[in-house]
Amino acid sequence: MIIYKIPLSSHKFQYISGKFQIWNISKIPQTKFPENFRKSSRPQFTNCPTMIVMVGLPARGKTYISKKLTRYLNWIGVPTQVFNLGQYRREVLQTYKNYEFFRPDNEEAMKIRRAYASNALKDIASYFTKEQGQVAVLDATNTTRERRGVIINFAKEKGYKVFFIESVCDDPEIIEANTMQVKLSSPDYENYDKEEALVDFLKRIDCYKMSYVPLDEEKDRHLSFIKIFNVGSRYLVNRVQDHIQSRIVYYLMNIHVTPRSIYLSRHGESELNLLGRIGGDTGLSSQGQKYAKALAEFIRGQSIKDLKVWTSHMKRTIQTAEALGVPYEQWKALNEIDAGVCEEMTYEEIQATHPEEFALRDQDKYRYRYPKGESYEDLVHRLEPVIMELERQENVLVICHQAVMRCLLAYFLDKSEDDLPYLKCPLHTVLKLTPLAYGCKVESFYLNIQAVNTHRDRPTDMSICFHLRLSRSANTKVGSKSLRPHVFFFLLKTFNVMI
Amino acid sequence: VADTTLTRELTQNPLKKIWVPSSTNGLPERYISQRKVCMTNCPTLIVTVGLPARGKTYISKKLTRYLNWIDVPTKEFNVGQYRRECVKIYKSFEFFRPDNEEGLKIRKQCALAALNDVRQFLTDEGGQVAVFDATNTTRERRETILRFAEQNGFKVFFVESVCEDPDVIAENIVQVKLGCPDYTHCNTEDAVADFMKRIKCYENSYQPLDEELDRDLSFIKIIDVGRRYLVNRVQDHIQSRIVYYLMNIHITPRSIYLCRHGESDLNIKGRIGGDSGLSARGKEFAKALGQFIQSQNIRDLKVWTSQMKRTIQTAEALGVPYEQWKALNEIDAGVCEELMYEEIQQKYPLEFALRDQDKYRYRYPKGESYEDLVQRLEPVIMELERQENVLVICHQAVMRCLLAYFLDKTAEELPYLKCALHTVLKLTPMAYGCKVESVCLNVDAVNTHRDRPSNVDVSRLPEEALLTVPDHH
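Taken in sequence, the protein lines are chains A and B.
For the first sequence, the working numbering assigns the number 835 to the initial residue and increments by one for each residue that follows.
For the second sequence, the working numbering assigns the number 173 to the initial residue and increments by one for each residue that follows.
Do not take every clue at face value.
[As the list claims (entries may be wrong)] Pairs of lysine-lysine, PhoX-like flavour, derived with a Cα cap of 20 Å:
no.: 1; chain 1: A; residue 1: Lys-1166; chain 2: B; residue 2: Lys-531
no.: 2; chain 1: B; residue 1: Lys-233; chain 2: A; residue 2: Lys-1166
no.: 3; chain 1: A; residue 1: Lys-1166; chain 2: B; residue 2: Lys-538
no.: 4; chain 1: A; residue 1: Lys-1266; chain 2: A; residue 2: Lys-1142
no.: 5; chain 1: B; residue 1: Lys-498; chain 2: A; residue 2: Lys-1199
[Said to hold, decoys possible] Chain B side only, calculated, beta carbon under 8 Å to chain A, not exhaustive:
no.: 6; residue: Trp-191
no.: 7; residue: Pro-193
no.: 8; residue: Arg-399
no.: 9; residue: Arg-405
no.: 10; residue: Val-406
no.: 11; residue: His-409
no.: 12; residue: Tyr-417
no.: 13; residue: Asn-420
no.: 14; residue: Thr-424
no.: 15; residue: Arg-426
no.: 16; residue: Asp-544
[To be verified] Quick look at which bits of chain A chain B covers, simulated, 3 or more residues with Cβ under 8 Å:
no.: 17; segment: 901-909
no.: 18; segment: 1007-1014
no.: 19; segment: 1211-1223
Since the hints were derived computationally from the structure, they do not count as laboratory data.
Beta carbons are placed, not taken as given, at the ideal position from N, Cα and C, and that holds for glycine.
I would like the entire structure built from these sequences, with the hints used as guidance.
Next up, the structure:
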């Protein structure tokens, strides 16, 4: 049994409160700087929590925007949560009878509605103070100036910034499509039949229409907001206060609701894959070339309209794209994660030459940065423009790499930082993502060309003093029982936690 | 046996290290493209709209500078300049009176001449974006431009600046109008009076872009210098980027300080890259920098560093909070990291020569190019635009890229900009450009600047290659 200790003199990095700090000189007292002093590869966006407040009649896409925006902000590292008033209502009322609850003259209901709205605000405060949240999205109609006033006062009291997102739409087709897609299947209408549900819902909208006061250019000129007209054909943006609001506006202006699909795939099996080596820039193995052909056939079979094909700058993705016989674009940003000094090594070699690195990576695979290389966190930052452009585009096939594909997939499927580095993205498998309702439908197509398995699972036991022998066969085939990799651990006590 | 016939052979371009298929198959060059900002084949015509002194030229020049920096060939066409060439001497505002037939004729001619040059730039000279800088305040004029664009297959994006704040307008006039050629022989009061009358000439016929009437056009309306924006029908990626940029710039007076880390141990040894600490002199510089910054009495200064030891050590000496940006890391020299130029010449003479041939586009094997650096630094520039007073402590190649953005340097000039150690550059936006003050903090340091040698041929002798290498230990 071999026990490895991290040399205390190691000054390359220090483990500070659960995150990997790079070159944090311990002399400067932590109290001098704001709580979240540089924990990632980029600067903090704001020290001040922000409330994003949705505004709009029912079926205008508020929940769609809330969820999508929240997913995006969490992915880029801004802790964000949605507070949906409809859900609060369902918890209080248990069953939904009919639209009468929303009648503006229903005193009883008004009292209840104000109460749970106030609870939502309390939960938001708690999210900011107790859970280190940075952005809270209040997803509700907020259609009256009075209600918005309550929210603004609340935020002012607590020192939160407020940014309104209003969705205005008078296109009856869009409203109907929204209603069909998400409203009729909501828990509210479980016991209704489709037609009755539609009728009730339209009456519900009418209840709000009478008292709806949209954000006004003049009267609300001191507020920070974006008004989205007709699903993005026009925007009115007022008083953007800071970086995060600027990013939010940019994001909102790039998303669309046109139906489309995004295909994600890795390059075909490469020569280094066969040798169990990571990184590098080799060409396809013979199996990989077979996959490229199979991919071409598959794509042709899908009959995709105006498909764009993107690859990285690395030989193996480009060779894969070449087989498709269609134009493709190379993105440097899609290059595989840079493993720095560990490039082209096998896991065994990394274990032998850099045992402490190997262990550190298993402890926090998302934030761990290879020496002279990158972390998953860096990758996400690098991929942000790719995601932004994917949002703008329609049908796209992205031929990339394991770590890159994990990051992109985590964005579309709203996976946490903990799960991201362990998402399964096997070779020779195409994932077809189709936006649907509030999420994303995933279809997985294994193209029946054998390849090695390059997936290393999360180590099962992280306890102290647990040692296992490293064994990983480089020739494990997809479909066979994959050998669980085992790793060396070392006594966590030898970590000197520096504050 | 591998079936290689179906996938074309790939070769790696030696300069940029890009994998491209070797010619054969007959598929056209355009088949494989690098991700560029402007992926569309369709050039874009940006058309400014607004009364005089609303910042149209400021926006045009700034936007052009930004687009060129991110590698979108852009040029601005200022109709006022065409007018000055046509009517050699400016007499008075009367030229702009709406009932001045002669004046109207000349102005229309100038506009058409400018459009003609736009066509040439976009169609024949490989331009991708042209900025047509004029008042374009009537619907009729804008119609003419739209027809012109349609005929030539250009997309049109309007940028309108609306401002009624008299202070802002007055400040504009003082900053840029009084110094313009029209008013060289005028005293300040007369110039201002004349210019105000000039504005009046346009006011009556001004038809701002309208939400309803112009709902099929693509435009952004900037209201009160960025307090509010109305954005309509963004068509594509480049327009989306332009909107994002316009929404992030401001005109609040401020200064940006650029400097490199203090001299590092590797600097002294004449080695490139790496992640070493400061030398003794470098530490002295850090102290001197702290003193300099204090003496400048800068309001709310933000300090940014890279994630490399040497910039962080430099910032530490300032005793103020600072933010680390990975994007500010020095250019990755790949296999040449920590080598001396002499060693690079010895081990990789071909690479060394290629770099001298096209230093901007050359990518180190397993490393980066200046071109990659610019792309990496774009979010930094965007955030610098949003911020006010900032001190950026970075590295030689990085500082060259940032400086090239602020001073509008070309891709050819950029990699040879002089960014010496222990020198702070203070950049202050002024009129249409940037004032630069260079402050040398009087702490000695090695010179790390390597000029382009006269012989860049692959067959050159080592001595010729190493001719311009600066001295080191």
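Results of checking the hints against the structure:
1. Lys-1166/A to Lys-531/B: holds (19 Å)
2. Lys-233/B to Lys-1166/A: violated (29 Å)
3. Lys-1166/A to Lys-538/B: holds (12 Å)
4. Lys-1266/A to Lys-1142/A: holds (14 Å)
5. Lys-498/B to Lys-1199/A: holds (18 Å)
6. Trp-191: holds (5 Å)
7. Pro-193: Where the cut-off is 8 Å and the nearest Cβ of chain A is about 6 Å from Pro-193/B, the hint holds.
8. Arg-399: holds (6 Å)
9. Arg-405: holds (6 Å)
10. Val-406: holds (7 Å)
11. His-409: Cβ of His-409/B sits 6 Å from chain A, so the hint holds.
12. Tyr-417: violated (10 Å)
13. Asn-420: holds (6 Å)
14. Thr-424: Where the cut-off is 8 Å and the nearest Cβ of chain A is about 14 Å from Thr-424/B, the hint is violated.
15. Arg-426: violated (16 Å)
16. Asp-544: Asp-544/B check passes; min Cβ-Cβ to chain A is 6 Å, inside 8 Å.
17. 901-909: violated (count 0)
18. 1007-1014: violated (count 0)
19. 1211-1223: holds (count 3)
Hint compliance for this structure: hints 2, 12, 14, 15, 17, 18 are broken, all remaining hints hold.
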